[in-house]
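**Q** Residue strings, one per chain:
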Amino acid sequence: MSGKKGDYNEPMEEHPEKGRFSSVYATIEKGIIKSLIAERQWEALRDYLVDNIPIADIADLLSELPKEDRMLVFRVLPRDIAAEVFSYLEPFQQDELLRDLTDKECTQILADLAPDDRTELLAELPAQVTARMLDQLSPEDLEQVRWLLGYPERSAGRLMTPDYLSARPEWTVAQTIEHVRTWGRDSETASVIYVVDDDGKLIGAVSLRQLVLESPETKIGDIMRTSVLSLNAFDDINKAYELMQRYGMWVLPVTDSDGILLGIVTGDDVFEAATQQITEEFHKSAGVAPIKVSLTDASPLLLYRNRVTWLLLLSLVYLISGGVMASFEETIAGTISLVFFLPLILDCAGNAGSQSAVLIVRDIGVGDLTLHDWAKVLIKELTVSAIIGLIIGGLVAGVGTASAGFDIGIVVGVSMFLCIVIVSCLGAIIPLVLVALRWDPAAASSPLVASLADILGVLIYFLVAKQFLRL
Amino acid sequence: MNWTDLSNENSLSDVAKIKAMILAHNWSAVRELLSDWRPPDIADLLLELDKPTRVLLFRCLPREVAAEVFSELEGEDTDALLRDLTDYETQLLLSLMRPDDRTELLEELPGQATQRLLNLLKPEDMEEARMLLGYPEKSVGRLMTPDYVAVRPNWTVSQALEHVRRRGHDSETVDVAYVVDDSWKLLGVVSLRQLVLADPDDTIKDIMTTPAVFLSAFDDREEAARVMDKYDLYALPVVASDGVLVGIVTADDVFEVSLEEAIEDFHKSRAVAPLKAGYLESSLGALLKSRIGWLVVLAIVDLIGAELIAGFQNAISQVVALVFFLPLITGCSGNAGSQSSTLVIRELALGEVDPEDLPKLTTKELLVSVALGLTVALVVCGPAIFQGGPGVGVVVSLSTMITVTLGGVIGLLMPFLLRKLGFDPATSSAPLVTSVLDIIGILTYFIIATRVLNL
Numbered sequence: 001m002s003g004k005k006g007d008y009n010e011p012m013e014e015h016p017e018k019g020r021f022s023s024v025y026a027t028i029e030k031g032i033i034k035s036l037i038a039e040r041q042w043e044a045l046r047d048y049l050v051d052n053i054p055i056a057d058i059a060d061l062l063s064e065l066p067k068e069d070r071m072l073v074f075r076v077l078p079r080d081i082a083a084e085v086f087s088y089l090e091p092f093q094q095d096e097l098l099r100d101l102t103d104k105e106c107t108q109i110l111a112d113l114a115p116d117d118r119t120e121l122l123a124e125l126p127a128q129v130t131a132r133m134l135d136q137l138s139p140e141d142l143e144q145v146r147w148l149l150g151y152p153e154r155s156a157g158r159l160m161t162p163d164y165l166s167a168r169p170e171w172t173v174a175q176t177i178e179h180v181r182t183w184g185r186d187s188e189t190a191s192v193i194y195v196v197d198d199d200g201k202l203i204g205a206v207s208l209r210q211l212v213l214e215s216p217e218t219k220i221g222d223i224m225r226t227s228v229l230s231l232n233a234f235d236d237i238n239k240a241y242e243l244m245q246r247y248g249m250w251v252l253p254v255t256d257s258d259g260i261l262l263g264i265v266t267g268d269d270v271f272e273a274a275t276q277q278i279t280e281e282f283h284k285s286a287g288v289a290p291i292k293v294s295l296t297d298a299s300p301l302l303l304y305r306n307r308v309t310w311l312l313l314l315s316l317v318y319l320i321s322g323g324v325m326a327s328f329e330e331t332i333a334g335t336i337s338l339v340f341f342l343p344l345i346l347d348c349a350g351n352a353g354s355q356s357a358v359l360i361v362r363d364i365g366v367g368d369l370t371l372h373d374w375a376k377v378l379i380k381e382l383t384v385s386a387i388i389g390l391i392i393g394g395l396v397a398g399v400g401t402a403s404a405g406f407d408i409g410i411v412v413g414v415s416m417f418l419c420i421v422i423v424s425c426l427g428a429i430i431p432l433v434l435v436a437l438r439w440d441p442a443a444a445s446s447p448l449v450a451s452l453a454d455i456l457g458v459l460i461y462f463l464v465a466k467q468f469l470r471l
Numbered sequence: 472m473n474w475t476d477l478s479n480e481n482s483l484s485d486v487a488k489i490k491a492m493i494l495a496h497n498w499s500a501v502r503e504l505l506s507d508w509r510p511p512d513i514a515d516l517l518l519e520l521d522k523p524t525r526v527l528l529f530r531c532l533p534r535e536v537a538a539e540v541f542s543e544l545e546g547e548d549t550d551a552l553l554r555d556l557t558d559y560e561t562q563l564l565l566s567l568m569r570p571d572d573r574t575e576l577l578e579e580l581p582g583q584a585t586q587r588l589l590n591l592l593k594p595e596d597m598e599e600a601r602m603l604l605g606y607p608e609k610s611v612g613r614l615m616t617p618d619y620v621a622v623r624p625n626w627t628v629s630q631a632l633e634h635v636r637r638r639g640h641d642s643e644t645v646d647v648a649y650v651v652d653d654s655w656k657l658l659g660v661v662s663l664r665q666l667v668l669a670d671p672d673d674t675i676k677d678i679m680t681t682p683a684v685f686l687s688a689f690d691d692r693e694e695a696a697r698v699m700d701k702y703d704l705y706a707l708p709v710v711a712s713d714g715v716l717v718g719i720v721t722a723d724d725v726f727e728v729s730l731e732e733a734i735e736d737f738h739k740s741r742a743v744a745p746l747k748a749g750y751l752e753s754s755l756g757a758l759l760k761s762r763i764g765w766l767v768v769l770a771i772v773d774l775i776g777a778e779l780i781a782g783f784q785n786a787i788s789q790v791v792a793l794v795f796f797l798p799l800i801t802g803c804s805g806n807a808g809s810q811s812s813t814l815v816i817r818e819l820a821l822g823e824v825d826p827e828d829l830p831k832l833t834t835k836e837l838l839v840s841v842a843l844g845l846t847v848a849l850v851v852c853g854p855a856i857f858q859g860g861p862g863v864g865v866v867v868s869l870s871t872m873i874t875v876t877l878g879g880v881i882g883l884l885m886p887f888l889l890r891k892l893g894f895d896p897a898t899s900s901a902p903l904v905t906s907v908l909d910i911i912g913i914l915t916y917f918i919i920a921t922r923v924l925n926l
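Sequences listed follow chains V and D, in order.
Under my numbering, the first residue of the first sequence is numbered 1, with each subsequent residue one higher.
Under my numbering, the first residue of the second sequence is numbered 472, with each subsequent residue one higher.
In isolation and in its complexed conformation, chain V is listed as follows (with noise of 0.2 Å):
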């Protein structure tokens, strides 16, 4: 919950603009912000933001504003806004932001936010810059930061903030709510409040709601949960969203291998780590290297960097198509109505491969197939394709005869059918291969596989035509 506070103290119809579906973008609020910054009223555009805007939407609004005035909107927000609009930045706009404020603003802000922002943002940013922002840690901070930083990237301890709650199972329900009454304020959450005993090992946890709900002279330890379920600092960011998706919880403990508490995860940090990771799945599965920053933010030089080198890999598996079909120049000069279904068989039995592969990669993704399936999902897929063979095949014959003649129909037919069938077989196995191989089976669905196809179908048409044709 952003921490914000409404002023309700008139009646609500004298504000009916507060609170918004989110499906309305806030274009009349966008419109009283640029009238005010064009008015230079820095005051009332304060007032205005912190009164009406919330944090996620003030952030969005800095990075569509000129570099000027952005400089002078985000001066102007209270010290405590300004830190949390600076978490919810892109990467490079913090990056531009920091270069243009004093040493002293930095400080402060690097003061400000919590820790697992801080350790987020020095991670990304260029190398000079985080020297230049570690130098102005408070020696604690810097500590910690270095502790934080030394965790694997896409693990657990990256993600985690030490900025927790915990209570000892001594204590009494109403001394534990003393303590969140206490340091609440600071921590990053307050519904899980942890149990650790002397040596800071995790023993178990008690909800917000549980204090309130037990009497007040109830021993923590009599009412914690102690199956806690806990993350190890090196776990991959995939266990986090796992457990908290299977067992529907926020917030997750972690802790070093011998149990020692370390910190917290928090399900907006993880859900975001994995929503960037689904991104980067599609975008190998076109070809394209992962790219972090929105398709609005990313530079042209960016794009072109991360989808040449698949186009041009690509273009050099066609042209071994191309050399290929250079051995049946004969063939092909023979009857020169073979060509006109080329394009055609390639695409189809390409399609119907990658519709196979993706099946199979997203059972696989989800734990339900193996390798040791692959005789079951053989016969599966022969049947299917030889269905769609059929059909398809069947399709352009009778297309191929009408418009070339028989002899083609049936050529284009029967080399359909087994392109669809063998490609199809073929992109379902390859990616339970690859998981065997301990590679990303979703590999199997890339272009690159749907382009070496493309050789065997070119290879298998003209061996058809060269057969039926008699040339």
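Everything labelled a hint here was simulated from the structure, so no lab data went into it.
Each residue gets a CB set at the ideal place from its N, CA and C atoms; glycine is no exception.
Some clues are possibly wrong.
With a cut-off of at most 30 Å between alpha-carbon atoms, the simulated DSS-like pairs for lysine-lysine come out as follows [what the hints assert, rightly or not]:
(1) D:Lys656 / V:Lys30
(2) V:Lys376 / D:Lys593
(3) D:Lys593 / V:Lys292
(4) D:Lys760 / D:Lys609
(5) D:Lys593 / D:Lys488
(6) D:Lys760 / V:Lys284
(7) D:Lys835 / V:Lys284
Taking beta-carbon pairs under 8 Å as the criterion, some of the chain V residues facing chain D (in silico) [to be verified]:
(8) Ala289
(9) Val308
(10) Ala352
Using the hints provided, position chain D relative to the given structure of chain V.
**A** Just chain D, lined up with the frame of chain V:
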């Protein structure tokens, strides 16, 4: 028990133990051992047992746990289990389930089973179920629960805490309470933490915060995921158009939805209609149905391409080498197109681009794809000259350049166009983009060839 590992790995020995206990009908021991287990793990255990044993184990669970375990089961398994339960047991189970889980159950079961369950519901639960099922599929209304804690603006903090104590046991989440006026209009939110931190004599309206955003029950459920992600919220209020609070949506449900939606988009991106079950579980008919439709459509588009090539028969018969580069031309533009369309589809799904960004994005894509086209053209120029002479070299390079550029730009525009026409932008799958670009590629290639080589 080591809870730091996912249960399936660690409790194998426990599973064996429990199976033995079940065989021995030692129910109290089973209950004792399971008292520490979480509902999703018990659900997994249940699925490992044969059907008659399942019912036995299910009956031995404490009622509240049974309801939660039941909510974890899916499709056929729920249906099968329900058929083995008596009407009375079913009634009890339904009354203990959370409203949002109940909606999910009712929408997934086959029609007959749903009817039976509706008849067994208590009148007020029935009304609630009817209301929730009345919202469109995949809407926020289907995800939400009407179980939340509501407080009044003029209450003191201690009054509110007292209310939370009374109501908190059966509401889905009490980490947040919603502040409403007499007509149930949403005024603000107050977190349990704020209540605990505040002075007991403070008034709620002084400590409550403005809800950053709220949802409409008719919003698409993807909207809930986007908003939660953007504002880092755990629970979102759902209000009617007059500002009346009708329910809340919690992150655990949304987590699941966003994963499901991503998988669906992924399937669409490969021209597969969404499948509900896994590959091996799906029937032959279901697999065929999800695949054949698009394949036929795409084949028809490709057939147009075939007709186009036929129109250039003369050119081909004079320079056969032209054919060798046909897969290159169509392939490269298709790939450039599926790159840009995949990038856009994902951004549209995450709500990161709007139609108003279109001119900016198109300019950028034009720049990028011209550069990509030039690069590819440079690389393929050599092999083309080698195989077909300088004339073919010029034709191939020029065509790759133009088709890659067109591919990139058309791939970018297609998802926007489809959305404008009312389709899901994810339909602009790589296969569709590829087929459309094939036609454009073939045309460009042969027109350039006939001009340059004077065929």
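**Q** Between Lys835 (chain D) and Lys284 (chain V), is the straight-line Cα distance small enough, at 30 Å or below?
**A** 21 Å, holds
**Q** Quick one, are Lys593 (chain D) and Lys292 (chain V) close enough, alpha carbons at most 30 Å?
**A** This hinted pair is violated, its Cα atoms lying about 51 Å apart.
**Q** Against chain D, is Ala352 (chain V) within 8 Å by beta-carbon distance?
**A** 6 Å, holds
**Q** With a cut-off of 8 Å on the beta carbons, see whether Ala289 (chain V) makes it to chain D.
**A** Interface hint status for Ala289 (chain V): violated (10 Å vs cutoff 8 Å).
**Q** Quick one, are Lys593 (chain D) and Lys488 (chain D) close enough, alpha carbons at most 30 Å?
**A** 39 Å, violated
**Q** Please work out if Lys376 (chain V) and Lys593 (chain D) have their alpha carbons no farther apart than 30 Å.
**A** With Cα atoms ~46 Å apart, Lys376 (chain V) and Lys593 (chain D) exceed 30 Å; violated.
**Q** Take a quick look at whether Lys760 (chain D) and Lys609 (chain D) sit within 30 Å of each other, Cα to Cα.
**A** Judged against 30 Å, a Cα distance of about 22 Å means the pair holds.
**Q** How about Val308 (chain V): closest beta carbon in chain D under 8 Å, or not?
**A** 6 Å, holds
**Q** Within a Cα-Cα threshold of 30 Å, do Lys656 (chain D) and Lys30 (chain V) meet the stated pairing?
**A** With a Cα-Cα distance of about 26 Å, the restraint between Lys656 (chain D) and Lys30 (chain V) holds, given a limit of 30 Å.
**Q** Given the hint that Lys760 (chain D) pairs with Lys284 (chain V), test it: the Cα-Cα distance must not exceed 30 Å.
**A** 27 Å, holds
Of the hints listed earlier, those the structure fails to meet are numbers 2, 3, 5 and 8, in rising order.
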